[in-house]
Amino acid sequence: MFRGIIDLKSLWAIGAIFFILLILPPILPRFYTYILALIFVTSLLAMSLNLVLGHGMIFQFHHGVFYGVGAYTVALMLAKTSLPIWVGFVAGPVAAAVVGLLIGWFCVRLTRLYFGMLQISLGSLIWAIVFRWYSFTGGDDGIHGIPMPPFISSLNSAYYFILIVLVICMIALYLILKSPFGSTLEAIRDNPQRCEAVGVNVRRHQLMAIVIATFFAGIAGVLFVVLERSVFPDLLFWVLSLEICIMCLLGGWFTFAGPMLGAAIMVALRTFVGIFTEYWTLILGVILILLIFFLPEGVMGYFLEIFKPQAKEGAERRGE
Amino acid sequence: MLQVEAVDKSFGDFMAVCQANLRVENGELVAVIGPNGAGKTTLFNLITGHLWPDSGKIIFKGEDISGLPPYQICKKGIARSFQIVNIFPRLTVFGNVQVAVLSQQRRSSDLFPPAQNLATEETNAILKSVGLSAKATNIAGSLSHGDQKILEMAIALGNEPELLILDEPTAGMSPEETAATLGLIKNLAGTQGLTILFCEHDMDVVFSIAQSIMVMHQGRTLIQAKPEEVRENREVQEAYLGGE
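Residue numbers (the numbering used here), protein chains in the order written: chain Y, 3 to 322; chain E, 4 to 247.
Note that these hints are calculated values from the structure, not bench results. In this text, a Cβ means the ideal position worked out from N, Cα and C, and glycines have one as well. Do not take every clue at face value.
FRET-style restraints, in silico, Cβ to Cβ [unchecked claim]: (1) Y:Lys11 x E:Asn29: 49 to 55 Å; (2) E:Met18 x Y:Phe305: 54 to 60 Å; (3) Y:Ser12 x E:Asn190: 40 to 46 Å; (4) E:Ser177 x Y:Ile294: 37 to 43 Å; (5) E:Met18 x Y:Gln195: 23 to 29 Å; (6) E:Ser177 x Y:Gln195: 24 to 30 Å; (7) E:Gly30 x Y:Val96: 48 to 54 Å; (8) Y:Pro86 x E:Gly65: 56 to 62 Å; (9) E:Gln221 x Y:Trp107: 40 to 46 Å; (10) E:Gln108 x Y:Ala18: 36 to 42 Å; (11) Y:Ile294 x E:Ser145: 20 to 26 Å.
Residues on chain E that point at chain Y, a partial pick, calculated with CB under 7 Å [to be verified]: (12) Pro92; (13) Ala103; (14) Asp113; (15) Ala118.
Okay, chain Y solo, but in the shape it has when bound (with noise of 0.2 Å):
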């Protein structure tokens, strides 16, 4: 299934980083655990939106939208029915990817920043809606003491659940990037012109991206209220939108894990700087110009720039 697609050496360190992740909890503190979690649900979510915006070069820049709508939708139906969780948990990504086809079926007739533009809009609407819909959502308080069945219902067996979802989606996506559909996303990333004269039917392909990104924030949304246990409409507000964006350049956006390591250091920058001042985005706001002008393919992309010569240089040296 994955002949040719990963190599050896990194399997063998996603293994060793997937093992340490699996003994911590027990060790840790937890407030790390807590965190740790926290930073594979963003993970999740960052990686969601890099499938298009990375590797679509499709400016999803309202994507917070489909993380909250995935978080409402399963909150609601626990808070609010009693239908089994497992529902709650499939409706959750469903209704994302819902939204996603619809706010992506007007957003795909535009392109590159109109698209964008058009989605904040269109994204705020939602937002707006969550907002006031006290009713029904609770508006700004949001909805709080979700219940959690026994098997979630600790920090440390939650924190497992969310690694364990985190690693299925991973490989979904890394395998959706590697198939057929992924390649000719990356085509009409690079020339969307030439793309439509070999045959593609650009629109209808950036459409589906959408759908399965916004499915992914949908589990990511999920995987908070699992953690969190309660929703709020900032996790639909375009501020959430923008830091998503962010860990894609700062992680960098044309790699595969870059996001992760860009959410990682997001929410890591928010819980640590943010002890010392609530204008942790300053220091923010200063990484990001050292970024543009000393890392302009993100963090993962320097490193991977870094070790890729010497990787070739020794496999030149054993050919001869």
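Once you have looked at the hints, place chain E on chain Y.
This is chain E only, laid out in the frame that chain Y set:
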């Protein structure tokens, strides 16, 4: 196979193409010539759906294709290369052609299995036929201009077209590259029996390989005939070949 009948296209007040007529028969190698700005590229853009004609008909295999989007026209069997290099610069040479082959096989939307192992035979065969096999793993953006123009053609071949449209296939090439490209075009038309429509500035090239030549001048079709007749035609001589 392809008939263009009285097609008009204007941009604002400027008539880029005006009453253009063109016939391409099955298996023919047809050239369109004309001075810069005569409307050759516009005509090709009209045929491949990148532009819509204001009036007139474009009939391919008995079906009016004017107004269809480019991807549908491509699916009907018309593939093209572009005058200005138009490739996927971040993908490998192999990846560039593979996109077209996957599209031809209607697998572009498949989520499974990995693309890397798909359509490799077809893609490698095309790369071999145009002589780019050795550079298959290179990033397309790093190729020389001549190789990028060849890759242009290779991408178009990935669609297994019945009609191949080449917009100035040798533009910007060195004499050696031009000769090699001509050999390639002849080979495609001869041994593979492909119908080819191309436009070209180099008159030696045109008169040496084309079976039928259409001359455009200020958007109009002056004549379409065999090379000898075109050479004899007075109107063409005045408009284009420099008269006396």
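Hints, verified against the model:
Between Lys11 (chain Y) and Asn29 (chain E), the C-beta spacing of about 54 Å keeps the proposed range 49 to 55 Å intact. For the pair Met18 (chain E) and Phe305 (chain Y), the supplied restraint of 54 to 60 Å holds, since their beta-carbon distance comes to about 56 Å. Hint check: Ser12 (chain Y) to Asn190 (chain E), Cβ distance near 43 Å, so the stated range 40 to 46 Å holds. One distance hint, 37 to 43 Å for the beta-carbon pair Ser177 (chain E) and Ile294 (chain Y), holds here, with the actual separation near 40 Å.
Between Met18 (chain E) and Gln195 (chain Y) the beta carbons are some 24 Å apart, a value that agrees with the proposed interval 23 to 29 Å. For the pair Ser177 (chain E) and Gln195 (chain Y), the beta carbons lie near 27 Å from each other, so the given range of 24 to 30 Å is met. One distance hint, 48 to 54 Å for the beta-carbon pair Gly30 (chain E) and Val96 (chain Y), holds here, with the actual separation near 52 Å. Judged by the Cβ atoms, the range 56 to 62 Å given for Pro86 (chain Y) and Gly65 (chain E) holds: they are separated by roughly 58 Å.
About 43 Å separates the C-beta atoms of Gln221 (chain E) and Trp107 (chain Y), a value consistent with the hinted range of 40 to 46 Å. Our hint of 36 to 42 Å for Gln108 (chain E) and Ala18 (chain Y) holds, since their Cβ atoms are close to 39 Å apart. A C-beta distance of roughly 25 Å is found between Ile294 (chain Y) and Ser145 (chain E), which places it inside the suggested range of 20 to 26 Å. Against a cut-off of 7 Å between C-beta atoms, the interface hint on Pro92 (chain E) holds, since the closest Cβ of chain Y lies about 6 Å away.
At a threshold of 7 Å, the smallest CB-CB gap from Ala103 (chain E) to chain Y is about 4 Å, leaving the interface hint in force. Taking 7 Å as the C-beta contact cut-off toward chain Y, the hint placing Asp113 (chain E) at the interface holds, the least distance being around 4 Å. The interface hint given for Ala118 (chain E) holds, since its Cβ lies 4 Å from the closest Cβ of chain Y, which is under the 7 Å cut-off.
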